[in-house]
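Student: Could you build the full structure based on these sequences and the hints that come with them?
Each chain, letter by letter, is given below.
Protein chains: 2
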Amino acid sequence: MTRPVCVLGLGLIGGSLLRAATDAGRPAWGYNRSPVAPADGYDVSSDLPATLRRAADADALVVVAVPMTALQPVLAAVAEHAPGCALTDAVSVKAPVAAAVAQHGLAARYVGGHPMAGTAHSGWAAGSATLFRDAAWVVAADDGLDLDVWRDVAQLALVCGAHVVPASAEEHDRAVAAISHLPHVLAAVLAAVGGEGGELALSLAAGSFRDGTRVAATRPELVQAMCEANRSSLLDALEDTLTRLTNARDSLRDNATLGSTVAAGHTARLRLDELHRTEVTDVDLTGPQALERLRALGRNGGMIRRL
Amino acid sequence: MTRPVCVLGLGLIGGSLLRAATDAGRPAWGYNRSPVAPADGYDVSSDLPATLRRAADADALVVVAVPMTALQPVLAAVAEHAPGCALTDAVSVKAPVAAAVAQHGLAARYVGGHPMAGTAHSGWAAGSATLFRDAAWVVAADDGLDLDVWRDVAQLALVCGAHVVPASAEEHDRAVAAISHLPHVLAAVLAAVGGEGGELALSLAAGSFRDGTRVAATRPELVQAMCEANRSSLLDALEDTLTRLTNARDSLRDNATLGSTVAAGHTARLRLDELHRTEVTDVDLTGPQALERLRALGRNGGMIRRL
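One line per chain: the protein sequences are G and F, in this order.
Numbering of the first sequence is given in my numbering, commencing with residue 166 and proceeding in unit increments.
Numbering of the second sequence is given in my numbering, commencing with residue 166 and proceeding in unit increments.
In case anyone wonders, no lab produced these hints; they're calculated from the structure.
None of the hints are false.
Far from chain F, by Cβ distances over 10 Å, these chain G residues were calculated:
| # | residue |
| --- | --- |
| 1 | 202 |
| 2 | 212 |
| 3 | 288 |
What the simulated footprint calls covered on chain G by chain F, stretch by stretch (three residues with Cβ under 8 Å from a Cβ of chain F suffice, anywhere in the stretch; the number is not a length):
| # | segment |
| --- | --- |
| 4 | 369–375 |
| 5 | 386–392 |
Beta carbons are placed, not taken as given, at the ideal position from N, Cα and C, and that holds for glycine.
Tutor: Take a look at the structure:
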């Protein structure tokens with residue numbers, strides 16, 4: 166059974182998802198608040214109630230692909246027009262979305278998702294059916310989730326060309342705070358400190374500064390929205406960073422050495438370069454331990470290539 | 166008059182400098198503690214007193230290209246065997262080297278230098294006559310320096326294919342702390358925080374984390390030596406960083422916003438991308454204001470392409 170797909174929000178992510186699912190032969194349609202152009206033959210509408218009633222009639226998988234800041238009214242509409250549909254999302258943070266979904270009484274058939282792809286551009290026109298090819302697509306695997314919906318969401322990710330990384334909502338939010346949101350904050354701070362050095366410092370800037378500040382060139386409103394949505398986990402990552410950086414400063418000031426800071430960073434970076442990914446092409450989605458097995462797979466760096 | 170060049174220390178930087186000067190037609194010879202191989206026809210020795218007596222006889226420009234940690238015995242040998250020679254260096258920090266040079270009574274004919282080039286590799290075998298092509302080569306421009314030696318050092322940099330950026334020793338050390346040493350410390354800290362996230366976090370790491378941790382893969386002993394040699398200025402840069410990062414944490418915690426952090430970083434990074442470099446092909450090295458004019462040139466992002 167291939168469940169139809171109903172995409173709400175046709176920006177870079179939602180627009181790419183509609184294209185990828187359609188091109189893979191899935192019945193798929195989408196809604197966007199403002200009309201998208203050119204629609205290029207994709208099945209799009211700017212009537213949210215009608216789009217959702219169609220999803221309810223077809224028993225579609227509904228994908229919420231609006232920004233975090235636009236989440237509440239869209240979930241309210243889902244609760245009104247398609248409360249029984251399988252539901253997922255494509256927002257970059259998972260625990261806050263799960264909480265909002267529960268507030269709207271939609272938790273029973275919800276399995277969160279996060280396709281980890283993007284470009285410097287945004288909007289429907291920037292989308293592409295190939296955006297998710299070889300990207301990681303996190304699918305939430307918290308206890309209590311509906312395993313049938315889990316399979317539907319994972320299959321959608323695979324159909325779009327991504328590989329599936331299962332994780333609990335909390336694990337996901339902690340991980341992306343450290344490897345995606347914190348790098349943006351550090352890039353901003355490094356750029357600002359370098360800028361304090363004036364034209365002389367900037368004119369001497371070489372690879373280390375350029376690499377370390379590259380993502381500070383991203384549109385500020387996107388960075389801000391992404392980081393602020395993951396506030397709780399990002400605050401934990403910032404505490405860890407402040408502790409380590411204070412230790413580095415103290416060690417350099419009091420003992421004239423940065424040995425342990427540099428060694429710890431080197432070891433961690435080598436782990437990234439040498440990371441061994443377990444590729445799984447089938448998972449057992451039955452039994453009471455299924456979700457715990459999925460979480461363990463993700464925790465060990467594993468990914469699902471086929472179901 | 167083209168003064169001969171005597172290079173002390175034939176690692177990546179010194180070895181490349183000897184090759185570049187020789188290939189450009191300069192009389193040039195070098196010393197290394199251990200014999201280099203293959204010498205490829207370059208004029209090299211592992212006898213330091215003999216190398217320096219030859220420099221004294223030929224009135225050569227002596228270039229100290231040993232690591233900071235090996236500086237003292239080399240300067241002692243210069244003071245013993247070639248105390249009257251014009252003297253420069255290629256160490257990545259300037260004020261501490263100038264202080265050591267003064268301790269050895271060699272300040273009168275010393276003008277510090279810092280060719281800002283490098284690769285991931287080190288040692289004579291990794292060197293190349295083209296290493297400095299289009300690189301910045303900072304030449305110290307503190308008041309009281311000998312302008313004739315200044316010209317010699319700047320001409321050596323130009324002969325090697327670099328462009329000259331004049332700066333006081335303090336200005337140089339502050340600038341490289343912000344744009345070269347701080348990025349290494351932040352990369353190490355970011356890598357360590359990401360590593361705390363385990364295989365899940367590393368398996369989700371995308372461009373922002375890879376870019377931000379890239380230089381953490383550098384050999385730790387090189388990073389440590391480079392950062393620790395610039396301790397005083399790096400401590401200032403770390404204080405600035407800690408203040409900005411603490412403000413970011415407080416703002417996110419208390420007001421749920423990272424707006425000012427992200428905006429300041431974005432503005433500074435755009436300045437880097439839009440930096441306008443003034444290219445100068447002649448400078449006036451006469452008169453009491455010559456060194457101040459040079460410093461002003463560097464402070465405004467200018468560089469010297471020809472003398």
